[in-house]
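Following the hints, put chain B in place on chain X, whose structure we already have.
The residues making up each chain are set out below.
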Amino acid sequence: MTGPESPFESGSAGLQVTDLTAIPTDPPDDIWYHHKVRFVASIKLLWDHREIMYTLAERDFRAQYKQATLGVLWAVLSPVATLAILVVVFSRVRAFPTQGVPFALYAFVGILCWSYFASSLGTGGNSLLVNKALLAKTQFPRECFPLETMLVNALNTVLSFIPLALLFVIFGRAPRIATVWVPMFMLIEVVFAAGVTLAVSSLIIQMRDLVQVLPIIISLGIFVTPVIWPFTIIPTHYHLFGGTEVHGHWIGGFAVNLQVIYGFFNPLGPVIAGVRQTMLLGGNPSWAPLCAAVVGACAYLAFGYRVFKRFEVNFADIA
Amino acid sequence: MPTLPDGSIHVEHVWKRFRADKTVPLFYDQLHRLGRSIADPDRRNYRWVLKDVSFDLEPGGSLALIGINGSGKTTLLKILSQVTYQTAGTSQVKGRIGALLSVTSGLHPDLTGRENVFLYGAVLGMSRERIRQQFDDIVEFADLQDAIDRQVKFFSLGMQMRLGFSIAAYLEPDVLLVDEVLSVGDANFQQKCLQRIGEIVRSGTTLLYVSHDLASVEASCEQAVWLSDAVLRAKGPTKEVVTMYRTAVEQNSALLTAKEGVVQLLKAEIRAVDGGQLRSECEVEVSLTLKAPERANASFFIGISQGTAFPMFVIDHQGIMPAGEFEIHCKLGYLPLPKGHYSLWTAITGYPKGKRDPYLPWQPVISFDAFGPDRMEPPEGVMALSPVYVGATWKVS
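Chains as they are written, first to last, in my numbering: chain X, 1 to 319; chain B, 1 to 397.
Here chain X stands alone, though its shape is the one from the complex:
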């Protein structure tokens, strides 16, 4: 490293010819580049580039409906179509007790929450690959790509609330006061989805096999998540050992709250349960699994961001 007083000494001199024999075959050990990840600095940088994220999201949103006769109207029409199918199919089916709530409504809330996660992961996971032309030529923070697709999906999800309102009207119901909690649940979902999407997008670009595997995992995910089954079937007191049974209840021994454990690993469970509980039934959500979901979602985000930043160095070279 040259001193601060003379960084340009070589630049202003005349013709300099390199002695080719003086170049070693490998760089000396002390100058190898180590990619340092400073979280605060990179989040600040991301914030400075938020406009790019909005612009890219606008690009995707507009391009989605270009040359379609109905244009942006499709953003509302396609969830309505999904809804119509749901109403027809589930108006007769009653797979489990829904506490008086019409099944279509009950299921649609679950599907709404799930489809945001699924589409974020689906498009966000591939976002680095899709944008590789930009990735290899421009220099803004790479997180913009997966996060931008999440923004587009968020917009689409918000538009899906229009058919949801329609459904409330059809069934002659109104959302309960407790619906004010819903944005908080959504925030948990966004944090969780961001963590998974960041990690997956950075892995997918290194292992293209995942492009094929991802849709399979996503379509399996809908069964693992309480979309068409109630979260409450997961026991809150699962007795591992000990205790005695008295009038059909276990007393004493060692029991775990499986809802909490599930909530940590899949924050979507408590989120969907919470939305249903507040919006449809007007009750208080069960807080223990939700707290686990918050912790879980934050853990996913921290891990996902770490993974993304760790692999970031290679993106432009392997894209």
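Just so you know, not all the hints are guaranteed correct.
To be verified - Which residues of chain B face chain X? A few of them, derived with a C-beta cut under 7 Å, are:
{"#": "1", "residue": "H13"}
{"#": "2", "residue": "V49"}
{"#": "3", "residue": "D52"}
{"#": "4", "residue": "Y85"}
{"#": "5", "residue": "T87"}
{"#": "6", "residue": "G89"}
{"#": "7", "residue": "G95"}
{"#": "8", "residue": "A99"}
{"#": "9", "residue": "L101"}
{"#": "10", "residue": "D229"}
{"#": "11", "residue": "L232"}
Honestly, the hints are just simulated from the structure, not real lab data. Everything numeric in this text was worked out from a predicted model, so none of it was measured. We put the beta carbon where it would ideally sit given N, CA and C, even for glycine.
Coordinates of chain B only, in the frame set by chain X:
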């Protein structure tokens, strides 16, 4: 780290390597490498594309990166613009970077020109507010007033390029990195771009410019860096580096008659008729000794180029090519060349020209120096390749 003023570039011992074989899946490759690195840490499967490159550039300076394809120029630009990272060493660019690595990759084909101005502007680092202010200027510079509301996929490649470059032309960064982006587009627009680059440099922006067009390099940059085979071969004033580069490139390609025809070239010579140095405006004679397998009607071509790309002038002569060894003497009454380093080209084809292969394929055969006054600098930009008419007398025996 030294604290540098905005607009300066500092590159110190930068190394960069890529995976040697990109067709092998990365994960598989990494498993293998892990295995190998345990067994034998020295035999890792990498290929160096930059080795120990160092240079500095002051704020407001202009520097050209020259070198043949694959010499590492673009990789170096990508490292400077932080698109990719170096394997070892330090690279610092102070201030706002405007990196123009490709003019069309930021454009989305499904969006209109107008939407793309905002998209690409943002991608290159302009704020929406700035783009709104400059929008009319950008469209006017691109000369796309009529097409701006059309989808970009219905633009021609040249129009896309004009749109891309025009957006970048209004970036106003502290450091402008330009990679070989002007290769498409008509001559008029190229000239306009070079003028714009000149304006940007005069306004105090640092310029790093990659191009194969040595004439435009000489016109727009004070300093040059020559990269060859991952190594920085020379740096310094543009003229000297470019001369060195030209000489080296010609030495490579002028070990000549790489393309064989049925006619063999035994000897080629260019000399002044009065026996002195080859000077501008003097009378010169080109002498070629060749060997042909058969007698034939033929066209003989002679041309002279600066560098090895395109001849500055070509002259031809129709006649009978004798069988066996024969000589061509061609007298040029007037050598229309300024001081410089040139190549002599030649070819022999059948006459009238049929579908047959040429007897001797068109190629540079020797290089030579001409003495005389320096080439005149054009007042603006570029284009050293001006076609010239030269009268000559031929003798084939």
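Verification of the supplied hints:
Proximity of B:H13 to chain X holds as hinted, the smallest CB-CB distance being about 6 Å (cut-off 7 Å). At its closest, the beta carbon of B:V49 sits 10 Å from a beta carbon of chain X; the interface hint therefore is violated under the 7 Å criterion. Interface hint status for B:D52: upheld, as the beta-carbon distance to the closest one in chain X is roughly 5 Å, under 7 Å. Contact between B:Y85 and chain X, as hinted, is supported at the beta carbon level, the nearest pair being about 5 Å apart and thus within 7 Å.
At its closest, the beta carbon of B:T87 sits 6 Å from a beta carbon of chain X; the interface hint therefore holds under the 7 Å criterion. Checking B:G89 against chain X: minimum C-beta separation of about 5 Å stays under 7 Å; hint holds. The criterion of a C-beta within 7 Å of any C-beta in chain X is not met by B:G95, whose closest approach is roughly 13 Å, and the hint is violated. Look at B:A99: its Cβ gets to within about 6 Å of chain X, closer than 7 Å, so that hint holds up.
For B:L101, the shortest C-beta to C-beta distance to chain X is roughly 4 Å, which falls under 7 Å, so the interface hint holds. Because the smallest distance between the Cβ of B:D229 and any Cβ of chain X comes to about 9 Å, over 7 Å, the interface hint for this residue is violated. Checking B:L232 against chain X: minimum C-beta separation of about 6 Å stays under 7 Å; hint holds.
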